[in-house]
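Peer 1: Given next are the chains, with one letter for each unit.
Protein chains: 4
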Amino acid sequence: MRTGRFSDVAAEIAQRYSQSVSFDWRLYRHDIAGSIAHAAALAHAGILTSEEREKIDKGLREIETEIENGKFEWDQSLEDVHMNIEAALTKRIGVAGAKLHTARSRNDQAALDLRLYVKAEIGEIRSGLRSLQSALLHLAEQHIDVVMPGYTHLQRAQPIFFAHYMLAQIEAFERDADRLSDCLTRTDVLPLGVGALAGSTIVLNRTFVAGQLGFSSVSQNSIDAVGDRDFVAEFLFCLAMIGLHLSRLSEDLIIWSTNEFGFVEFSDAFSTGSSLMPQKKNPDMAELTRGKTGRLYGNLVSILTTVKALPSSYNRDLQEDKHALFDSVDTVKAALEVFAAMLPELTVNRERMERAAGDPNLLATDLAEHLVKKGMAFREAHEVVGKLIARASEKNLALDNLSLLEMQEASPLFGEDVTTIFDARRSLEKRGAIGAPSPENVAARIEHWRRLLDQTVAAGVPPA
Amino acid sequence: MRTGRFSDVAAEIAQRYSQSVSFDWRLYRHDIAGSIAHAAALAHAGILTSEEREKIDKGLREIETEIENGKFEWDQSLEDVHMNIEAALTKRIGVAGAKLHTARSRNDQAALDLRLYVKAEIGEIRSGLRSLQSALLHLAEQHIDVVMPGYTHLQRAQPIFFAHYMLAQIEAFERDADRLSDCLTRTDVLPLGVGALAGSTIVLNRTFVAGQLGFSSVSQNSIDAVGDRDFVAEFLFCLAMIGLHLSRLSEDLIIWSTNEFGFVEFSDAFSTGSSLMPQKKNPDMAELTRGKTGRLYGNLVSILTTVKALPSSYNRDLQEDKHALFDSVDTVKAALEVFAAMLPELTVNRERMERAAGDPNLLATDLAEHLVKKGMAFREAHEVVGKLIARASEKNLALDNLSLLEMQEASPLFGEDVTTIFDARRSLEKRGAIGAPSPENVAARIEHWRRLLDQTVAAGVPPA
Amino acid sequence: MRTGRFSDVAAEIAQRYSQSVSFDWRLYRHDIAGSIAHAAALAHAGILTSEEREKIDKGLREIETEIENGKFEWDQSLEDVHMNIEAALTKRIGVAGAKLHTARSRNDQAALDLRLYVKAEIGEIRSGLRSLQSALLHLAEQHIDVVMPGYTHLQRAQPIFFAHYMLAQIEAFERDADRLSDCLTRTDVLPLGVGALAGSTIVLNRTFVAGQLGFSSVSQNSIDAVGDRDFVAEFLFCLAMIGLHLSRLSEDLIIWSTNEFGFVEFSDAFSTGSSLMPQKKNPDMAELTRGKTGRLYGNLVSILTTVKALPSSYNRDLQEDKHALFDSVDTVKAALEVFAAMLPELTVNRERMERAAGDPNLLATDLAEHLVKKGMAFREAHEVVGKLIARASEKNLALDNLSLLEMQEASPLFGEDVTTIFDARRSLEKRGAIGAPSPENVAARIEHWRRLLDQTVAAGVPPA
Amino acid sequence: MRTGRFSDVAAEIAQRYSQSVSFDWRLYRHDIAGSIAHAAALAHAGILTSEEREKIDKGLREIETEIENGKFEWDQSLEDVHMNIEAALTKRIGVAGAKLHTARSRNDQAALDLRLYVKAEIGEIRSGLRSLQSALLHLAEQHIDVVMPGYTHLQRAQPIFFAHYMLAQIEAFERDADRLSDCLTRTDVLPLGVGALAGSTIVLNRTFVAGQLGFSSVSQNSIDAVGDRDFVAEFLFCLAMIGLHLSRLSEDLIIWSTNEFGFVEFSDAFSTGSSLMPQKKNPDMAELTRGKTGRLYGNLVSILTTVKALPSSYNRDLQEDKHALFDSVDTVKAALEVFAAMLPELTVNRERMERAAGDPNLLATDLAEHLVKKGMAFREAHEVVGKLIARASEKNLALDNLSLLEMQEASPLFGEDVTTIFDARRSLEKRGAIGAPSPENVAARIEHWRRLLDQTVAAGVPPA
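Protein chains in written order, with the working numbering: chain A, 1 to 464; chain B, 1 to 464; chain C, 1 to 464; chain D, 1 to 464.
Excised from the complex, chain A in its bound form (with noise of 0.2 Å):
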């Protein structure tokens, strides 16, 4: 914006370094509800009149419809969304779309165009996020009883359900729902009418125009005003973390579908093959999602540099907040397309989970546990199970070929009863306490979700 102050008309690679409306034109939508609701309050204050106001409703709805319909012609030259639209308007009705720009600047223009769009976006990741869950949930109640071996240090641990990992993946995601949900409230809250830094000697009435705008507070002082990209750094964290949950996921999915271990198998049509390697079948998309949380991870620093230690209130540097919000918002909502789509045409190999998860060793805490409930002291039963694993290995046999002698020799408390303990499912039944993957836990746990989320589909775009 150059006008009488300047002697010179700015560089053309200046101009072209700081345009931005080459990528801000995306907030039009929101510019022009914000102009529309300004011009509302500006005629309540009488400096428009309601001629005016109509013209410039009418006026900008009928841009809205232009850029929508790619008729819109954007010019760098005019810097950035706010000025282009403005400069339409008044070339299309005049003075009043001269008048337009009394008491606001761009600095909390800008501000209210990013955060209805975050508003926005955090409502359309919400809903996202929602699918993932479905999706998830539906392999869950699809193969409710497939048992399989629960990993830690990615070595073999204790038999779990399928069902439970996908009950797992679901909570994460949750969580991610609920921090955009906090993210929302501090978003929710109008800066349109601090002006510059200041607010400005004509006053309006900005509780009128939160109203307007759907928002649910106020911004309280104007110097914060102008310079808080908090919502932006917070809702990128957010997405960020979406990301590392896609990432821990999209790891399980790879290495359970190698040849190895052979747990899960991807649909043709969400895998891809080598243009060398006549055979390959690769998990592309989760590799590539998994890929992805660098991007993500790398806009939120992005944003943290950008903003640190910067003078208070507005600064040109704020502009460089955009990039990373825009990428950041369209990797998650991909990706959670993609998984949304891709899980459900996921296929679960039951007979190799179970097979594996038939390994003796998985119940090596239980067969401490059984000395427990016996009366051992659990340090104790852990050291004599140890023991017996040794041997195990030594003799080359499962620890369920030991037999009831050679367990005895370890511990007298064994008994018959033994040979009850090697059974995967009859371990999982006695896993009963809240959280542990007991087959009524599991089947609860199916239920609450599936209310849950039936309940959020059929309501819509998810409530905050």
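Just so you know, the hints here were simulated from the structure itself, not pulled from any lab data. One thing to keep in mind: the hints can contain errors.
Note that identical chains are pooled: a pair holds if it fits in a single copy or bridges any two copies.
Said to hold, decoys possible - Only pairs whose alpha carbons sit at most 27 Å apart, straight line, appear in this in silico DSS-like list of lysine-lysine:
#1 K322 <-> K333
#2 K91 <-> K55
#3 K387 <-> K71
#4 K91 <-> K374
#5 K374 <-> K71
#6 K119 <-> K58
#7 K58 <-> K374
#8 K387 <-> K373
#9 K374 <-> K55
#10 K373 <-> K55
#11 K373 <-> K430
#12 K387 <-> K91
#13 K373 <-> K58
#14 K91 <-> K373
Here the structure is a predicted model, which means the values were calculated and not measured.
Take the given structure of chain A and dock chains B, C and D to it, following the hints.
Peer 2: This is chains B, C and D only, laid out in the frame that chain A set:
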């Protein structure tokens, strides 16, 4: 933890590399509290007699006292805080100690200790934020009517009150407190009782344990519970944001304390000199704090990187969560403490601020709005005033030294009343919209924060 | 790439998610150059007839022209730049095209294209650094005898020459050029010919291919060659460091262009105004550049995160290397270009600088060294002068306005000659150690850089 | 450092916050070496008598011995390692000590100590890399003819030698060594003698000092020299890259040591068990190392953030460079040491590897290349073999169990000789291009590295 299964002792180098007790000993209080609650649950479940339980309680409390008195001997060959305390207990009380780890894994135990630690530190840091806000508010109150230039792009923009600036800082730190409060909700979930990743065949009452330890809820999925470090990442993000806000405040104060600005001066007690240059008095506390943003951001990146693409449930990588966590906590607490102590000693140079605020260019927007009130469209008024600025600059005159005639050449709407514009204080009086810096608004916000801060101070540790 | 092995087409959503042609099309020139060299090797190995090879060459060059003229139709269903060009070639020339991918995988092909791209861009950016250094040097030459205060901790420290400051900047950017040169050495290694990860049973002459494409060496391990993105990470680190240096230069210029400092003024052509405040003239180019450090750091974090803990050799995650790479390259090139154009138009306000440099406190160290030369130990001298500073401050006097008597009270070593100390220019003349800002040193360094820069400009693109 | 200028002592809290001696004491050896060289220069310049210089030398060496024996009392009120040693010296030897800081500032002194430290640690870490490479090479030599599947996308791709994999790792760590060597060149520049930022009126011979301390060159600009931390950032980047490479190696080993892969087994001495599950043997060293990538990345981000947008020359923020630096150095050295000790004890399960490598699908590409050699275009051959894969899969047959007739239906080019294709070892023999895994190539590279590593080990610490 190595028992019967291993034929060999750990290599000394491996032990040194993998031990965590040299840093996780800090968690001892939480570890002991957790063990006492766990023992209570084991007693309820009939695994411990009430006598054994009492022995455990007594033994653990004695160990706690020993640790607090610096008499406890930590042993790195016992790996971590958990095994050190358990081993000391068993040595002290015998077999009852060997029963304590029944139906518990270090996976859920470590998660528990960490959650208790984060919960406690969120309280401390919220308290530190309150102290900082009090110091900022006190400055606002003390200098309530000092006018200074507001800056955007670090260029003089419009007059503000110094107090309005301080209130802006309070707003930002309030968002930090809010974020911590939300983080607390997600941290306040009991992980203990989920075992390694699949619960136990010995079923404990987790709701009872949550009650004992003051948790509001209980984790609902065992796999998720042992592998989840979201609460650490979220907490580190909250701390990074506090660092961001401190870095911006520091930047302002450093710039304001230059010879050239001369707006503020740090007290000798919070300044340092130069080893070479005898005249120097440097704003080191603000600089160090700005610099520490680096480690707060770095620690956030650290935890995000560590957890990226980990297989689900527990992996030893997670041990690396503590270094970053402890460092950020210590850093933020120290910085908050220093600022809360340093700000009350800040000298505010009213004369330099008000002289700078007397720059008539700061009222150029008022001049344009003056024309708007007389009926000119804002864009036109902006252009007219821009030209006056250019004219004054050419003639090497201050804007308010242009003659009325010259102004009328630019617009006939100018009249004698234009002289009333060039008064920063009067300009501020007109800025009455919510969030704008009119004297009434500033006083009302000071009143608002005074009430709120007095309440929370009265209430002791702020409620989350 | 999906052939006979797949029973199903890719889901449209999967295709959209995994395609890279929308951004990797930028590599077309390198892809075509690589294919031409590969065809030559295939011909040598007898896989292609010389006629087939000629058809391939001609076909590829036609495609290149089409792309350059914007006539080529990119097809996202063909995934990437590689398959798009191969498919277009085969369509155009038939079976010879279908032979091109013999003994080649996209894994080595993508690595090749990326290395060729990075090699080219290192040249461009080194060239951009030279232009920036020239602009900085020009400022030094133009204002060679302007004295200004040097700052540490942003507090006035000692007098320097403005030219000495500019030379400091040149040094920093020279390290960037050096780093890029080292990075080039590690990038300049041919990956083509290692296939997917294990070479091929059809053996090609890789040394010949390296010669064709101008590579200095040939990768020695096929697994490493397809999975290695070190050169991308190192390049992004080099670019982040350029960003760091630009951010510090920007910070100085922004502070110097405040009303309060008034040391420099940006030209109108490289400043922007405010949409609200008619008087504003903001240093937006410097601010934007400072802000862009965020994306340069973010892009570095992005690639590091993506590659972290990847299994060896090629994984699809690596496709995510390009976004960060292209963005950092574009960002740095634009910033260098803007600074090289903006600096020559910078107004240097000699009068404001020299007035500030006249502050006698800047010579406090000289005063102490004056005492040292008369035999006092430096620590004592430092203390003596410190007290004089305090004395002067109490009496509200400038340091050089203390009477000789007062000075002698502090130390009898002071004599009439003390008055010669308070002359910034004379102080500078004494600073003759290597690297210190004596006029001779400054002139010699200007001479040094002038010679070096003239040479490299004369030589065209700087040799790496 | 507070002398006459200050009317007040530092607040205790400020002192605690700003002291660095609790961590920078580690630099004492470098600080003392620097002071001895500085005293020599002061003596040459006539500031010190030769007697004073000798006193200083002797005093400093005594202090060094005290520190090494743990007898030195560090005093936090003296801020840093520099002032602690200077104060102790002056206390010990009187006025000569008070002369030591002539023509020196902590700004150049701190830069000196840090550069000496980084130089020394680069040597150590290069040495650690050599040890790791030796361990990798030893594994390659021991198992030179073990065939295993090579993976891309973690899916079986083509046969490789286990030794070829190990050689790939050596290549990556060699790039790390190279990068460190380049970093060393840029670190090996003497900063001492530039004072606070503008040299001194007491001119010292910096070339002489550089010679005393073993620096190859002398910094050429005083402002740059005190504010430059490029060498720290570059070093931290190099260390982050080592972490990246270790994380990938760790990931492979963790996956290979699962029950499902079963390719390798860690020795008991480098594994740990579970506190709960008696059968567990976890690859903790590899997991911890993978996890530590987080802190290495975090430390890089930390220094980059701290220096971002700092005003030129020295600012106190720079004190924050040490924490990240020391932590990354300690982390990388420990990780290299552990891997070098752990790898020789790795059990390589030849039988499991070769069984997996017997999967005939690994030779699908060979089959296509077989057709190419008979004249078919590669793209067609790829399609033909893809269909055979699909056919075999449908019929639940291994690829090499399809009848010749079935193969000929797909292409009449197949003949009896097709059976020779399905032999992994024969396939490897054909892969003779540079970098490909033919037995000859693998042997030659082993020979290459053996010679190089023996040389550098013979030469002691590797030359940079």
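Peer 1: State for each hint whether it applies.
Peer 2: Results of checking the hints against the structure:
1. K322 <-> K333: Both: 16 Å inside a chain and 20 Å across chains, each within 27 Å.
2. K91 <-> K55: Cα proximity of K91 and K55: one copy only (12 Å, versus 56 Å across).
3. K387 <-> K71: neither (78 Å within a copy, 35 Å between copies)
4. K91 <-> K374: between (89 Å within a copy, 23 Å between copies)
5. K374 <-> K71: neither (81 Å within a copy, 37 Å between copies)
6. K119 <-> K58: within (25 Å within a copy, 54 Å between copies)
7. K58 <-> K374: Classified as between; 26 Å across copies, 83 Å inside a copy.
8. K387 <-> K373: Classified as within; 19 Å inside a copy, 58 Å across copies.
9. K374 <-> K55: Answer is between; shortest inter-copy Cα gap is 21 Å, intra-copy 86 Å.
10. K373 <-> K55: between (83 Å within a copy, 20 Å between copies)
11. K373 <-> K430: within (13 Å within a copy, 62 Å between copies)
12. K387 <-> K91: between (87 Å within a copy, 22 Å between copies)
13. K373 <-> K58: between (79 Å within a copy, 25 Å between copies)
14. K91 <-> K373: between (86 Å within a copy, 23 Å between copies)
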